[in-house]
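36 is the number that the working numbering gives to position 36 of the sequence shown; each next residue is one higher, with no gaps.
It should be emphasised that the hints constitute simulated quantities derived from the structure, not laboratory data. Be careful, since some hints might not be right.
Keeping only pairs whose Cα atoms sit at most 25 Å apart, straight-line, the calculated DMTMM-like set for lysine to aspartate or glutamate is [claimed, not checked]: (1) K216 with D129; (2) K245 with D129; (3) K156 with D244; (4) K216 with E85; (5) K216 with D93.
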Amino acid sequence: MPYLVGIARSGRAVGALIAAEQGSNLVAPPIGGILFSLGGPLPALIVNACTYLTSQLSLVLVPSMGPDRPGPLPSTREIWDDIVEGFRFMYGDRVMTVVAYCSLLLNLFGTMAVTVFIPFLKLEFHASDAQVGFSYGVLAAGSILGSILGGATAGKWPFGRSLLIAYAIDGLIFVPIIFAHTIWATVIPWTLANGLGSFEVTQIISWRMRITPHEKIGRVFAAVRFIALLGIVPGTLIAGWLADKHGPRLPVIVSTIGFLVIALGASAAAALRNDRR
1 MPYLVGIARS
11 GRAVGALIAA
21 EQGSNLVAPP
31 IGGILFSLGG
41 PLPALIVNAC
51 TYLTSQLSLV
61 LVPSMGPDRP
71 GPLPSTREIW
81 DDIVEGFRFM
91 YGDRVMTVVA
101 YCSLLLNLFG
111 TMAVTVFIPF
121 LKLEFHASDA
131 QVGFSYGVLA
141 AGSILGSILG
151 GATAGKWPFG
161 RSLLIAYAID
171 GLIFVPIIFA
181 HTIWATVIPW
191 TLANGLGSFE
201 VTQIISWRMR
211 ITPHEKIGRV
221 FAAVRFIALL
231 GIVPGTLIAG
241 WLADKHGPRL
251 PVIVSTIGFL
261 VIALGASAAA
271 ALRNDRR
């Protein structure tokens with residue numbers, strides 16, 4: 001991103017990129033839900049496969065963004081040195097380390113709720129396939145708005161304070177879902193939480209671009225991303241196990257409590273709280 005638009009415009013570019021990605025989710029899930037309800041999974045899967053194929057073929061039209069003079073493939077030693085340098089930079093910045101591990105925990109607990117979203121709607125509220133698809137479209141609208149806001153405010157609001165406030169609101173917004181007894185009482189706060197999640201991601205990526213030396217961005221992003229994604233697999237497995245044993249509402253409850261605890265713990269990190277970069 002900084003190579004294409006420069007560091008100064010990267011925040012808005014990240015917000016626009018996430019919004020564009022979520023734009024497809026605004027339309028595709030409602031259509032998929034209708035197709036699924038009318039003809040079962042096959043039509044929806046065929047359309048899904050075609051969209052994936054089209055997106056992959058479209059990459060052929062994108063000119064190479066590699067070096068002007070491509071060299072030989074890097075050696076194993078060079079790859080290892082790049083990995084070490086990325087982690088060294090991440091661990092050398094206390095705030096970046098805190099944010100990376102917060103992202104790990106948020107992905108763990110957040111994935112728990114995402115994993116059971118469909119069974120939660122279907123088993124708790126007897127939602128139809130079309131209603132589930134429409135719900136995903138509504139969630140995408142929240143993500144679009146959140147990413148646009150995150151891009152517009154990147155670098156303008158104190159990073160640490162704005163992120164901690166977003167964490168706290170994100171956890172509190174999910175509390176009503178624990179007691180929800182209708183689809184809309186679930187989808188509306190979930191949509192707001194999705195918006196805050198996109199806001200947080202946009203703010204974090206933009207901030208990381210601002211403070212990372214230009215030549216180290218790829219290595220540092222890879223290191224942080226590796227840590228952040230470690231929570232997804234265990235979160236999915238735990239959510240599935242809890243839902244099988246106790247129903248889909250329990251993973252949502254655990255996810256909400258986890259978010260609140262993480263927000264409280266993150267606020268105790270003075271380095272993050274005072275970061276204004």
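K216 paired with D129 [C-alpha distance capped at 25 Å]: Since the Cα atoms of K216 and D129 sit roughly 45 Å apart, the hinted pair is violated (cutoff 25 Å).
Given the hinted pair K245 and D129, is their alpha-carbon gap at most 25 Å? Roughly 24 Å separates the two Cα atoms, so the pair holds.
Under the criterion that the straight-line Cα-Cα distance not exceed 25 Å, is the pair K156, D244 satisfied? Given that 25 Å is the threshold and the Cα spacing comes to 45 Å, the pair is violated.
Proposed proximity, D93 with K216 (alpha carbon, max 25 Å): holds, 14 Å
Can you confirm whether the C-alpha distance between K216 and E85 stays at or below 25 Å? Given pair K216, E85 holds - Cα atoms ~8 Å apart, limit 25 Å.
Of the numbered hints listed earlier, those contradicted by the structure are 1 and 3.
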